[in-house]
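Engineer: Sequence:
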Amino acid sequence: MSTNSINNNSDFSTNTENSLLVKYGMNILNTPFVSDDNIQLGLGERYIIVEKLLEAHEFAKINVLAGNITGRGFATNVCTVDRAWSMGTNFNNTRNDISSICGERSAILTAYNEALIRYSRRPRGKFDFKVKYLCMASNIDLNEITEMIAPCEDCMSWLNTNRYFNFNTLVFSFERTQGELVVRASRLASFLPYKTYATSNEFDFNKEIRFSKNSQISFVKFKLEPKDALELLNEAYKKYQTNEYTNVSNQKVAASIISNNEVFSSSKIDWTKRWYVEPLESAASCAIEKHKKETNIKAIAYFGDEISSNSNEIHNDGVVSIKSLGRIRQKYASNDSLLVLNFKNYILITTIGEYLPKKFEQGYKIT
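In the working numbering, the protein residues as written are 23 to 389.
Check before you lean on any hint, since a few could be wrong.
As the list claims (entries may be wrong) - Straight-line alpha carbon distances no greater than 27 Å define the calculated DSSO-like cross-link-like pairs of lysine-lysine that follow: (1) K229 x K243; (2) K353 x K243; (3) K312 x K345; (4) K83 x K45; (5) K314 x K353; (6) K295 x K148; (7) K249 x K366; (8) K243 x K345; (9) K312 x K249; (10) K243 x K315; (11) K314 x K245; (12) K243 x K314; (13) K345 x K152; (14) K245 x K353; (15) K229 x K366; (16) K312 x K245; (17) K312 x K353; (18) K260 x K249; (19) K295 x K152; (20) K245 x K260; (21) K312 x K243; (22) K295 x K260; (23) K235 x K366; (24) K245 x K315; (25) K345 x K315; (26) K260 x K312; (27) K245 x K235; (28) K353 x K315; (29) K249 x K235; (30) K366 x K345; (31) K295 x K345; (32) K235 x K353; (33) K235 x K345; (34) K345 x K260; (35) K154 x K83.
No wet-lab data here; the hints were simulated from the structure. All values derive from a computational prediction rather than experimental measurement.
Generate the whole structure from the sequences, applying the supplied hints.
Structural biologist: Printed below as a string of structure tokens:
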């Protein structure tokens, strides 16, 4: 992955007299940018990023003061490749007090609509909407910030596509390192799983098996063997073969889990073009109904078609739901839970923690 070095200071045009940097007493020269992804930014670009992070921080605070349901504020400033900025905040409107849409998705929708308006006024060539930066912030006081703000798994399921994002899309947020407020810069790709692998809907027991770094540890922890993982994948395959409920998308997907030493399987079920039952959540629900708080999901297997007849668009790891994996590992599974995937020439046995490389707890406190 190549380094995205930005040294262009030509748009260093922020009016410092009205700058939020002045309000927060921040000096851009004394605000470190840290990254594990070898990202280099010029002074002007860093100035703009900090300003946009502070704008998002202010917007998140306003959202809480306005009375959003969860009592927590998140906001994101999105920059498109044509240097247009748009902002959005988490939006709560459901009757059961759960956040309806996160700040990053809200901002992406705003950016998309504003880009489409610009295009409609001067429709030249193909409409090409791509996101360059995501500047993410919360309402937490800057003096109390510890860890970075990053996309949750619901949002990662949106971001895991090459249509609007690419390997050069960058994510920024404040964090505190050794007591110092810094800006964390990350590539979006570092949050996402196995982008370069495609699964398969052909299966036999003679395929090569490849084990990830941590899967062997999980086998010991959960007292399982590789043959258990293969049998679990076979159960998902059998469910896939009998799936007659995807008459809308014609994209058959099945999932099986091992929970409390039992196997639970479920199929993807279509309601309409937009609404369907995700098989992992369905299988997990069966286990939870039976074992309640004692539910412990040790292994998951996915099997199915990558392509929906509606879009004919291939999504790498298209059968796996990032959103569902993220949800179940909050309580009933863990980063150590095994994940069995059927690729064209081999079977991969990995873990949720390796597949979803960063762990983010939602932790909503309803007020």
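Engineer: It remains to establish, for every hint, whether it holds in the given structure.
Structural biologist: Tested hints:
Using a Cα cut-off of 27 Å, the hinted pair K229 and K243 holds, with the two alpha carbons roughly 25 Å apart. The suggested pairing of K353 with K243 holds, with an alpha-carbon distance near 18 Å, which does not exceed 27 Å. Our distance criterion of 27 Å between C-alpha atoms is met by K312 and K345, whose separation comes to about 23 Å. Annotation: proposed proximity of K83 to K45 holds, straight-line Cα distance about 15 Å (limit 27 Å).
Using a Cα cut-off of 27 Å, the hinted pair K314 and K353 holds, with the two alpha carbons roughly 11 Å apart. For the proposed pair K295 and K148, the alpha carbon gap of about 26 Å is at most 27 Å, so the pair holds. With a C-alpha separation of about 19 Å, the suggested pairing of K249 with K366 holds against the 27 Å cut-off. For the hint pairing K243 with K345, the CA-to-CA distance comes to about 25 Å; that is within 27 Å, so the pair holds.
With a C-alpha separation of about 25 Å, the suggested pair K312 and K249 falls inside the 27 Å cut-off, and the hint holds. For the hint pairing K243 with K315, the CA-to-CA distance comes to about 20 Å; that is within 27 Å, so the pair holds. Annotation: proposed proximity of K314 to K245 holds, straight-line Cα distance about 21 Å (limit 27 Å). A hinted pair counts as satisfied when its Cα atoms are at most 27 Å apart, and K243 with K314 qualifies at roughly 22 Å.
Proximity of K345 to K152 is assessed by CA-CA distance (about 22 Å); at most 27 Å being required, the pair is judged to hold. A distance of roughly 20 Å separates the Cα atoms of K245 and K353; the hinted pair therefore holds under the 27 Å criterion. Under the criterion of a C-alpha separation no larger than 27 Å, the hint pairing K229 with K366 is consistent with the structure, at around 9 Å. Straight-line distance between C-alpha atoms of K312 and K245 comes to about 21 Å, which keeps the hinted pair within the 27 Å bound.
For the proposed pair K312 and K353, the alpha carbon gap of about 16 Å is at most 27 Å, so the pair holds. For the hint pairing K260 with K249, the CA-to-CA distance comes to about 16 Å; that is within 27 Å, so the pair holds. At most 27 Å may separate the alpha-carbon atoms for a hinted pair to count; K295 and K152 meet this at roughly 25 Å. Between the alpha carbons of K245 and K260 the distance comes to roughly 24 Å, so the proposed pair stays at or under 27 Å and holds.
About 23 Å separates the Cα atoms of K312 and K243, which keeps this hinted pair within 27 Å; it holds. Restraint check for K295 and K260: satisfied, since their Cα atoms lie roughly 25 Å apart, inside the 27 Å limit. In summary, the hint linking K235 to K366 is supported, as the alpha carbons are separated by about 21 Å, within the 27 Å threshold. With a C-alpha separation of about 21 Å, the suggested pairing of K245 with K315 holds against the 27 Å cut-off.
Our distance criterion of 27 Å between C-alpha atoms is met by K345 and K315, whose separation comes to about 21 Å. As the CA atoms of K260 and K312 are separated by approximately 23 Å, the hinted pair is consistent with the 27 Å bound. A distance of roughly 17 Å separates the Cα atoms of K245 and K235; the hinted pair therefore holds under the 27 Å criterion. Distance hint between K353 and K315 is fulfilled; the C-alpha atoms sit about 9 Å from each other, no more than 27 Å.
Restraint check for K249 and K235: satisfied, since their Cα atoms lie roughly 18 Å apart, inside the 27 Å limit. With a C-alpha separation of about 24 Å, the suggested pair K366 and K345 falls inside the 27 Å cut-off, and the hint holds. Of the supplied pair hints, the one linking K295 and K345 holds, its CA atoms being roughly 18 Å apart against a limit of 27 Å. Only pairs whose Cα atoms come within 27 Å are accepted, and K235 paired with K353 is accepted, the gap being roughly 23 Å.
With a C-alpha separation of about 23 Å, the suggested pairing of K235 with K345 holds against the 27 Å cut-off. Between K345 and K260 the CA atoms are separated by roughly 24 Å; this keeps the pair inside 27 Å, and the hint holds. Between the alpha carbons of K154 and K83 the distance comes to roughly 25 Å, so the proposed pair stays at or under 27 Å and holds.
Violation of the numbered hints given earlier is absent; every hint is satisfied by the structure.
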